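Each residue of the sequence shown is one higher than the one before, starting from 0 at the first, in numbering that gives the first Met the number 0.
Treat the hints as calculated values from the structure; they're not laboratory data. Bear in mind that the values here come from a model prediction, so they are computed numbers and not experimental data. Among the clues, some could well be false.
[Said to hold, decoys possible] Straight-line distance between alpha carbons at most 25 Å, and here's what the computed PhoX-like set of lysine-lysine pairs gives:
| hint | residue 1 | residue 2 |
| --- | --- | --- |
| 1 | 148 | 121 |
| 2 | 148 | 177 |
| 3 | 126 | 148 |
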Amino acid sequence: MWQWRIVGNGGYTKIQNVASGTFLDLFTGTSMPGIQVQGWARSASESQDWFLRRVSRSDVEIREILARDTHNAANFQGFRQDLLYLVLPKSVRDAIYVKSGLKNMKDRGQLFDSDDYAFFLKVEVAKWGVNTLLADDFGILWGVMFGQKGNHGLAYNFYLNENLDNIMFFDPYTGDEKVDMEYKAYLAVY
């Protein structure tokens with residue numbers, strides 16, 4: 000098993016292999032798409048500078064974010080399955096939605112309504128993860144929420160914003176991201 004040490008370097012980091020003492024470096028020092036990386040002695044080269052951005056949250060952190068969300072009803076309940084969740088970038092979310100075909104699907108009343116749209120899209124996200132990600136033991140945060148507005152109920156998807164500190168809603172009927180679905184959520188599955 001490889002072990003890595005993350006070494007601060009201004010606004011960037013250097014990534015050091017603990018066993019060999021070498022640093023992750025771009026092969027030949029060039030930054031072309033698809034270029035290989037190699038272990039190399041530490042240098043001041045920009046080809047050893049990496050920008051790391053967090054793209055996941057733990058179950059505990061997500062529950063804390065959900066607990067302070069103002070769109071939840073007093074009786075809100077959340078059910079989760081995993082301990083760590085990856086939050087997909089917008090470009091990936093958009094591509095999955097387009098590929099799903101939901102935008103062109105006609106509402107079929109109770110036969111295929113909001114909860115079917117939301118769960119269908121959750122399955123499409125999971126299929127993308129299985130086919131694309133080469134690691135295990137984490138989930139993808141693409142939840143399903145059930146909300147109420149007056150006598151009308153609606154199911155929709157949710158995930159975290161780019162800063163990973165607030166809930167974003169996704170309308171599977173339209174493909175629109177929203178900061179407010181105008182419903183009070185009473186149940187979330189993620």
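Outcome of the hint check:
1. 148 - 121: Within the cut-off at roughly 23 Å; holds.
2. 148 - 177: 16 Å, holds
3. 126 - 148: Not satisfied, since the Cα-Cα distance of roughly 32 Å exceeds 25 Å.
Hint compliance for this structure: hint 3 is the single one not met.
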